[in-house]
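> Here numbering that gives the first Met the number 0 is used: position 436 in the sequence shown is 435, and no number is missing along the way.
Do not rely on the hints blindly, as some may be mistaken.
[What the hints assert, rightly or not] Pairs of lysine to aspartate or glutamate, EDC-like flavour, derived with a Cα cap of 16 Å:
| hint | residue 1 | residue 2 |
| --- | --- | --- |
| 1 | Lys461 | Asp578 |
| 2 | Lys389 | Glu535 |
| 3 | Lys397 | Asp283 |
| 4 | Lys397 | Asp578 |
[Unchecked claim] Pairwise CB distance ranges, derived in the manner of DEER restraints:
| hint | residue 1 | residue 2 | range |
| --- | --- | --- | --- |
| 5 | Thr502 | Gln444 | 47 to 55 Å |
| 6 | Val7 | Pro302 | 21 to 29 Å |
| 7 | Leu32 | Ala96 | 42 to 50 Å |
| 8 | Glu504 | Met93 | 42 to 50 Å |
Hints were generated in silico from the structure; no laboratory data involved.
Positions of the beta carbon are idealized from the N, C-alpha and C atoms, including for glycine.
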Amino acid sequence: MGVAKPLVARPLRPFVDLLPVPPRRVITSPSRLAIPLVSTTHRFHSDLPPSRVWAYDGHLPGPTIEVDCGIQVEVQWENRLSGRLPVIDIRSPMHEADGVPVQCMPGRSGGAPNPAAAAISGYAVVHLHGAVTQATSDGWTENLIAPGQQALDTYQNDQRAALLWYHDHVMGITRFNLYAGLAGLWIVREARERELELPEGPPYEVPLLLADRNFDLAADGSLTGELLHKTDPDVMECFSPFTTVNGVIWPRVDVEPTTYRFRVLNGSNARTYRLVLTRDGLPDHERITQIGSDGGLLVAPVPIPAQGLVLASAERADILIDFSDLPVGSELTLWNNASAPFNGASADPSGAGTPDLEGLLPYPEVLLFRVVDGRRAGWRPPAVLATDFKRADREQLKGCVVRAIALVEQESSGPGPSMLTMRELAEVAAADEPVLTLIEAVAGQEDHVSRWRTVATRFEDKTNFFPMLGVPEIWRLVNLTGDTHPIHVHLESFQVLSRQSATVEVPEGGITDTGTSARVWIGREVDDDVPHALDENELGLKDTVRVNPHEVVDLLVRFDAYAGRYMYHCHILEHEDHDMMRPFVVMPPELMPFM
Numbered sequence: 000m001g002v003a004k005p006l007v008a009r010p011l012r013p014f015v016d017l018l019p020v021p022p023r024r025v026i027t028s029p030s031r032l033a034i035p036l037v038s039t040t041h042r043f044h045s046d047l048p049p050s051r052v053w054a055y056d057g058h059l060p061g062p063t064i065e066v067d068c069g070i071q072v073e074v075q076w077e078n079r080l081s082g083r084l085p086v087i088d089i090r091s092p093m094h095e096a097d098g099v100p101v102q103c104m105p106g107r108s109g110g111a112p113n114p115a116a117a118a119i120s121g122y123a124v125v126h127l128h129g130a131v132t133q134a135t136s137d138g139w140t141e142n143l144i145a146p147g148q149q150a151l152d153t154y155q156n157d158q159r160a161a162l163l164w165y166h167d168h169v170m171g172i173t174r175f176n177l178y179a180g181l182a183g184l185w186i187v188r189e190a191r192e193r194e195l196e197l198p199e200g201p202p203y204e205v206p207l208l209l210a211d212r213n214f215d216l217a218a219d220g221s222l223t224g225e226l227l228h229k230t231d232p233d234v235m236e237c238f239s240p241f242t243t244v245n246g247v248i249w250p251r252v253d254v255e256p257t258t259y260r261f262r263v264l265n266g267s268n269a270r271t272y273r274l275v276l277t278r279d280g281l282p283d284h285e286r287i288t289q290i291g292s293d294g295g296l297l298v299a300p301v302p303i304p305a306q307g308l309v310l311a312s313a314e315r316a317d318i319l320i321d322f323s324d325l326p327v328g329s330e331l332t333l334w335n336n337a338s339a340p341f342n343g344a345s346a347d348p349s350g351a352g353t354p355d356l357e358g359l360l361p362y363p364e365v366l367l368f369r370v371v372d373g374r375r376a377g378w379r380p381p382a383v384l385a386t387d388f389k390r391a392d393r394e395q396l397k398g399c400v401v402r403a404i405a406l407v408e409q410e411s412s413g414p415g416p417s418m419l420t421m422r423e424l425a426e427v428a429a430a431d432e433p434v435l436t437l438i439e440a441v442a443g444q445e446d447h448v449s450r451w452r453t454v455a456t457r458f459e460d461k462t463n464f465f466p467m468l469g470v471p472e473i474w475r476l477v478n479l480t481g482d483t484h485p486i487h488v489h490l491e492s493f494q495v496l497s498r499q500s501a502t503v504e505v506p507e508g509g510i511t512d513t514g515t516s517a518r519v520w521i522g523r524e525v526d527d528d529v530p531h532a533l534d535e536n537e538l539g540l541k542d543t544v545r546v547n548p549h550e551v552v553d554l555l556v557r558f559d560a561y562a563g564r565y566m567y568h569c570h571i572l573e574h575e576d577h578d579m580m581r582p583f584v585v586m587p588p589e590l591m592p593f594m
């Protein structure tokens, strides 16, 4: 059995609990479901006491909804939450204790519970992430459902087959409500997947929802099971030491010697996973094939990247793993070797399984596969998967509106954490105010220089983005921070057009409450050990994209289905809750003259 030698004592045994699979609700005709949000208990590990949680329908994760494309499902979300938030929010006064980062350890690390978080009483909002929905059913962050109240949302499911997920989205406290357990999976299916004879449902299709968690300590040093959301003065995000899969810490799954389909979601608040599969201590990625991402099937199957499968918060992967050549009794271990906070830097997959305290990864274990007796039949997907998608060419991009967004971290002037914002920009010919200057090399021509002034810095600022129904746009994401940000756009999936390295100069005082002054050279090489290029598995449709430091990422967005008010934001929840979120309004073209 592959088990890492820890640098700090491991308080729980790995791979002793079987992987649970969330209950399924298979919808075959237009339906109305009632899903309650309840206060309950959940056991994250057989050696832990039960933990207080909030959960959909009493399950953690919530029930998996499975529905064919085009079948309408109404969900009545019934808020039956009682009591206060079942999570202790702690900000430790120190980053390390005895040379060990406090986020690598359970317990409060000298921090006092946050009384504001302790007073949270169960207000909720439900967002079906990845769904093409009317604005009234998208889970607007301020449309609260109080305990004792209900909300009825309509999901048309008129979209590509894909793994979606539903989760809480309350303004300012999303990080706490998800950490408490409010998340579940939703699968849209269609005929093309059945033509390909892809595994559907148990036992050969298995959902894997990854999320890291931490727990409080009793006076004797034992884990109490009480959920602990801990940050520290140097790291505003919560990076917890224990990885859960479908709500269980470091489970094992028994697999027959055949091909399995795994629907993988990173449901963590902030942690990025770089998943490495090993056998006998060596990487064994050749048996993994990726067939889909956030927005459904890829055009063709691809191998996972050599360094491992990278999933930032909210990203999904549809993968096949072929166990057919393995003898009964074989064991393979899935590890995480992504440091935190993640910045896109490379990592040697042969080092998977090695704890990394500096990278806030004390326990890299994720999951153990154990081969048991059963059907022996390998299967590989055909060369062509999706037939309904083709990447845009240069001609289609001509004349597109270009919108620019700067990802910015502003140091706090007080004792609180830094403010992470998405700064919407407007191009100007010249300006006396601070501007973001983009310098882009053009083959055979002079550099293209554009200047952009800041027009919004906070969620509450006026709305600036009014994309028109059916009209493609290019959204340019410029990262001025030192971390990778997974950016999620509500309503419809997008194409990632490009990922380019960039050198960034931000003068002292260049980031103010209302202004952004910086110079960015797009396309310049950066010596930062980050591969600034699109991976093959990013060439399909996505709804969440990683934007690394020293990077500019261009998206092709197009909203065809619904008009209305939606959001886009960083899916690191501690960033989203600290204002890294903005609204946009999709408009019918004929109404634009009246705006």
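> Check the hint pairing Lys389 with Glu535 against an upper bound of 16 Å on the C-alpha distance.
holds, 14 Å
> Are the Cα positions of Lys461 and Asp578 separated by 16 Å at most?
Judged against 16 Å, a Cα distance of about 14 Å means the pair holds.
> Would you mind confirming whether the straight-line C-alpha gap from Lys397 to Asp578 stays at or under 16 Å?
violated, 33 Å
> Given a hint of 47 to 55 Å, does the C-beta separation of Thr502 and Gln444 actually sit inside it?
violated, 20 Å
> Could you say whether the range 21 to 29 Å given as a hint is met by the Cβ separation of Val7 and Pro302?
violated, 34 Å
> Between Lys397 and Asp283, is the straight-line Cα distance small enough, at 16 Å or below?
Roughly 43 Å separates the two Cα atoms, so the pair is violated.
> For the range 42 to 50 Å, tell me whether the beta carbons of Glu504 and Met93 fit it or not.
violated, 33 Å
> Do the beta carbons of Leu32 and Ala96 sit within 42 to 50 Å of each other?
For Ala96 against Leu32, whose Cβ atoms are near 47 Å apart, the range 42 to 50 Å holds.
In summary, the numbered hints that this structure violates are 3, 4, 5, 6, 8.
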